Each structure stands twice: as C-alpha cells, then as structure tokens.
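> Line by line, the protein sequences give chains A and B.
If you read the first sequence in the working numbering, its first letter stands for residue 2, the second for the next number, and so on.
If you read the second sequence in the working numbering, its first letter stands for residue 20, the second for the next number, and so on.
No lab work stands behind these hints: they were computed from the structure.
Computed from a predicted structure; not experimentally measured.
Think of the CB as a built atom: it goes at the ideal place given N, C-alpha and C, for glycine as much as any other residue.
Mixed in with the good hints there might be a few duds.
[As the list claims (entries may be wrong)] Pair by pair, the computed Cβ-Cβ distance ranges are:
| hint | chain 1 | residue 1 | chain 2 | residue 2 | range |
| --- | --- | --- | --- | --- | --- |
| 1 | A | H33 | B | G242 | 42 to 52 Å |
| 2 | B | K277 | A | N21 | 33 to 43 Å |
| 3 | B | G242 | A | S19 | 46 to 56 Å |
| 4 | B | D270 | A | H33 | 49 to 59 Å |
| 5 | B | R255 | A | I84 | 30 to 40 Å |
[Claimed, not checked] Okay, derived cross-link-like pairs now, BS3-like style, lysine-lysine, Cα gap no bigger than 27 Å in a straight line:
| hint | chain 1 | residue 1 | chain 2 | residue 2 |
| --- | --- | --- | --- | --- |
| 6 | A | K20 | B | K111 |
| 7 | B | K277 | A | K20 |
| 8 | B | K277 | A | K24 |
| 9 | A | K20 | B | K278 |
| 10 | B | K30 | A | K24 |
| 11 | B | K233 | A | K24 |
| 12 | B | K233 | B | K95 |
| 13 | B | K233 | A | K20 |
| 14 | B | K97 | A | K24 |
| 15 | B | K148 | A | K20 |
| 16 | B | K111 | B | K95 |
| 17 | B | K244 | A | K20 |
[As the list claims (entries may be wrong)] Just so you have them, the derived chain A footprint on chain B, three or more residues with Cβ under 8 Å:
| hint | region |
| --- | --- |
| 18 | 125-135 |
| 19 | 202-213 |
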Amino acid sequence: MSLLEFINRMLGKENTSSKNIAKERLRLVLVHDRASISPQMLNNLKEDLIRVISNYMDIDESCMEVNLSQDDREVALVASIPITRMKRDYSVRS
Amino acid sequence: MGEVIVVTSGKGGVGKTTTTANLGTGLATAGQKVVLVDTDIGLRNLDVVMGLENRIVYDIVDVTSGNCRLRQALIKDKRFENLYLLPAAQTKDKTAVSPEQMKVLSEELRNDFDYAIIDCPAGIEQGFKNAVAGADRAVVVTTPEMSAVRDADRIIGLLEASELSNPRLIINRIRPLMVKHGDMMDMADILDILAIELLGVVPEDESIIVSTNKGEPAVLDRGSKAGEAYRRITRRIRGEQVALMNLDIPDGLMSKFKKLLGLH
Numbered sequence: 002m003s004l005l006e007f008i009n010r011m012l013g014k015e016n017t018s019s020k021n022i023a024k025e026r027l028r029l030v031l032v033h034d035r036a037s038i039s040p041q042m043l044n045n046l047k048e049d050l051i052r053v054i055s056n057y058m059d060i061d062e063s064c065m066e067v068n069l070s071q072d073d074r075e076v077a078l079v080a081s082i083p084i085t086r087m088k089r090d091y092s093v094r095s
Numbered sequence: 020m021g022e023v024i025v026v027t028s029g030k031g032g033v034g035k036t037t038t039t040a041n042l043g044t045g046l047a048t049a050g051q052k053v054v055l056v057d058t059d060i061g062l063r064n065l066d067v068v069m070g071l072e073n074r075i076v077y078d079i080v081d082v083t084s085g086n087c088r089l090r091q092a093l094i095k096d097k098r099f100e101n102l103y104l105l106p107a108a109q110t111k112d113k114t115a116v117s118p119e120q121m122k123v124l125s126e127e128l129r130n131d132f133d134y135a136i137i138d139c140p141a142g143i144e145q146g147f148k149n150a151v152a153g154a155d156r157a158v159v160v161t162t163p164e165m166s167a168v169r170d171a172d173r174i175i176g177l178l179e180a181s182e183l184s185n186p187r188l189i190i191n192r193i194r195p196l197m198v199k200h201g202d203m204m205d206m207a208d209i210l211d212i213l214a215i216e217l218l219g220v221v222p223e224d225e226s227i228i229v230s231t232n233k234g235e236p237a238v239l240d241r242g243s244k245a246g247e248a249y250r251r252i253t254r255r256i257r258g259e260q261v262a263l264m265n266l267d268i269p270d271g272l273m274s275k276f277k278k279l280l281g282l283h
C-alpha cells in the first residue's frame, strides 16, 4: 500500500480499495464469460436484429457481422450491417 | 423419499469437501439418516476429513460397476449411527463412472436415506457431470476471491443448463477484518455479481485445519466459529429460517473518531 493509498483510506475514501478493483474486473470478465457460454445467443440476437432493421431498410444479411469486442475498460456489442436500400414507405406507415 | 444435494464450486480448494462433511454431520446430529458420497475419483479426501480413511473396503466404482452391493461399500461413521460414507475410488479415473450410473445410484440412496450429500470434484468435465447427474438440488461454494467467484458463475450457468436451477450459495473463508478494510469483497458484492440465493456465510477459521487434522468435522466443535456457521447452514437446508452469522467487527477508536469528524 502506498502512502497516498494509506492516507486516502484513513480518510475513509474507498475508491482505491482493492475490493473495488476486483469487483470492476470481475464484472467485465463475467460479461465476456457469460456471453461466450452460448454462441447460440449471438445468433438469436442477430436474427432479432435483422427482423427489426428490415422494417426500416433492406440489409445485406450475408455480409452482416455481430460480435462482442472487449478492451481494458468495457465490453461492447459491435455490429456491422451493410444497407442495400432504404425503404421509402416508412413515413407512410408511421 | 430422501433428497440428493450436490456440493460444487468449479474451482478447487474453496471448501467443497469441508462443506460436505460439515453439512452431512450437522444433518446427522439433527437425527437425519445421511450418506456422504465422494465423487472425486482418483483424488478422494472426504474419508480423511471424516476420519474414516482406515475403514475403506469397497468404493463407489465397485458399487456402480456391480462389484459389490451398496450396503457393503457404505462405511458407518465413528460418532453417529445414522451417518454413512460412500468413498471414491483412488486408483481409477473419473470415466470409471457414468452420469447414467450416478442417476441409478442416486435413486437407490434417495430410497434409503433422508439426505445424500454429494461431494463434487473441481472442474467442469466428466467428474462434475457425474456428480450433478442424479442430484435434486445444488449448493455452490465460493470464496471472496475473483477466481473462485468467476468459476462459481460458470458453474451456476452449467447447473441451470442441466435442469438444476435455483442453486444456493455458500460464501466460505470470509475474513471480516479484510472486508472492513475494503480489501475483500463482502457478501453483498458477491451476491450482486452472482445473483443467486444465499445459503450461508462461513468465516475463515483456523479451527477447520485443526478439525481436519483430527478427522472431526468442525460442526461438532461448540467453540468453532466456522462450526457455528455450518450449524446454521444445516438448519437452513432443513427449511428453517435462521439469521446469518454476524461477521462484523465492532468499530475501533479510529473509525469512531472519523465518524465524529464526519469523514465516514
């Protein structure tokens, strides 16, 4: 424990406590662990996305990519969905 | 009709065998007819924790492969008439038993006992699949460390996938002083992450090592804190509402002073 950490702790500032570091790291690891348990889930998500987006535009399903990406601070859902044509009748339906 | 409860964790060394021994012994002190089943084939230890290592003749593989009858392999406990151990085989490996054989064995145990407590090996392979195959419910043991909690999360996912939903959690080896200093995750942190029902909390306690040395489960030791925690867990297993053990450390002079200054 550094002197600064020690002083912070004596003052009751808990942000630097190792338990909070553990919790934050665990949270990230588990997002990825839980997602990686079922590739099925990503597939279902992909199908749902196609269904919803198709209401608004035509998309190229064969080139569509949906993945989880992870860096040091966060896990993100990254989708690349090529649009082939916008639907003109959207304004009419709404 | 009895109940088959599997004690599992994913990670090794978090206290599965100790928990199995104490739960089973606790239930036996309450007058229940109990059998402890060691499914850690190749690395058996429940016999040692129970102090019954010198009495083994047949083991679980002898039973499932039809080498002997269940009754011949069961070892009666030294202290309780109504407590038995079915030991694991030491010289075979996990594939010597199949999940189907475990289902058949569990059915037989359910007919003969009030409770069968199954000690699951570490890992998520065949040994785990065997241990959970015939179980009615599951107890997941973890410690307040990242690696143990992560593995517990994986195990909970696998249990739910294998129709053993609603597993209950034991948080073992909590060190109240480290929790107080913010250097160990507390009960609320872990429950928040794993989102399952709590069965109990057990403090880190040197008396566990002493009781393992002697082959006498801590639940029988009136002076042991971990033993007290296991006595409460035993009552909860039987459906009683029992308050959690208070693991808080009273405020010291420094924190009273900080409160006075409004720093907390």
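> Each hint should be assessed against the structure and marked as holding or not.
So, going through the hints one by one against the coordinates:
One distance hint, 42 to 52 Å for the beta-carbon pair H33 of chain A and G242 of chain B, holds here, with the actual separation near 44 Å. Checking the proposed 33 to 43 Å range against K277 of chain B and N21 of chain A shows it is violated: the Cβ atoms sit about 19 Å from each other. With their beta carbons about 32 Å apart, G242 of chain B and S19 of chain A fall outside the hinted range of 46 to 56 Å. Between D270 of chain B and H33 of chain A the CB atoms are about 39 Å apart, so this pair departs from the stated range of 49 to 59 Å.
Here the CB-CB span from R255 of chain B to I84 of chain A is close to 56 Å, at odds with the stated 30 to 40 Å. For a cut-off of 27 Å, the pair hint linking K20 of chain A to K111 of chain B is broken: about 41 Å separates their Cα positions. For the hint pairing K277 of chain B with K20 of chain A, the CA-to-CA distance comes to about 21 Å; that is within 27 Å, so the pair holds. For the suggested pair K277 of chain B and K24 of chain A, the alpha carbons sit about 26 Å apart, so the restraint of at most 27 Å is met.
A hinted pair counts as satisfied when its Cα atoms are at most 27 Å apart, and K20 of chain A with K278 of chain B qualifies at roughly 22 Å. Between the alpha carbons of K30 of chain B and K24 of chain A the distance comes to roughly 18 Å, so the proposed pair stays at or under 27 Å and holds. Taking the CA atoms of K233 of chain B and K24 of chain A, the gap is near 37 Å; set against the 27 Å cutoff, the hint is violated. Distance restraint check for K233 of chain B and K95 of chain B: the Cα-Cα separation of roughly 17 Å lies within the 27 Å cut-off, and the hinted pair is therefore satisfied.
This hinted pair does not check out: K233 of chain B and K20 of chain A have alpha carbons roughly 35 Å apart, beyond 27 Å. Note on K97 of chain B and K24 of chain A: the hinted pairing is violated, with a Cα-Cα distance of about 44 Å set against a maximum of 27 Å. Between K148 of chain B and K20 of chain A the alpha-carbon distance is near 33 Å, which puts this suggested pair outside the 27 Å criterion. Pair hint K111 of chain B plus K95 of chain B holds up; C-alpha atoms about 23 Å apart against a cutoff of 27 Å.
Only pairs whose Cα atoms come within 27 Å are accepted, and K244 of chain B paired with K20 of chain A is accepted, the gap being roughly 24 Å. Only residues whose C-beta sits within less than 8 Å of a C-beta in chain A count toward coverage, and the region 125-135 of chain B has 0 of them, not enough to reach three; the restraint is violated. Counting residues of the region 202-213 of chain B whose CB lies closer than 8 Å to any CB of chain A gives 6, so the stated coverage by that chain holds, three being the minimum.
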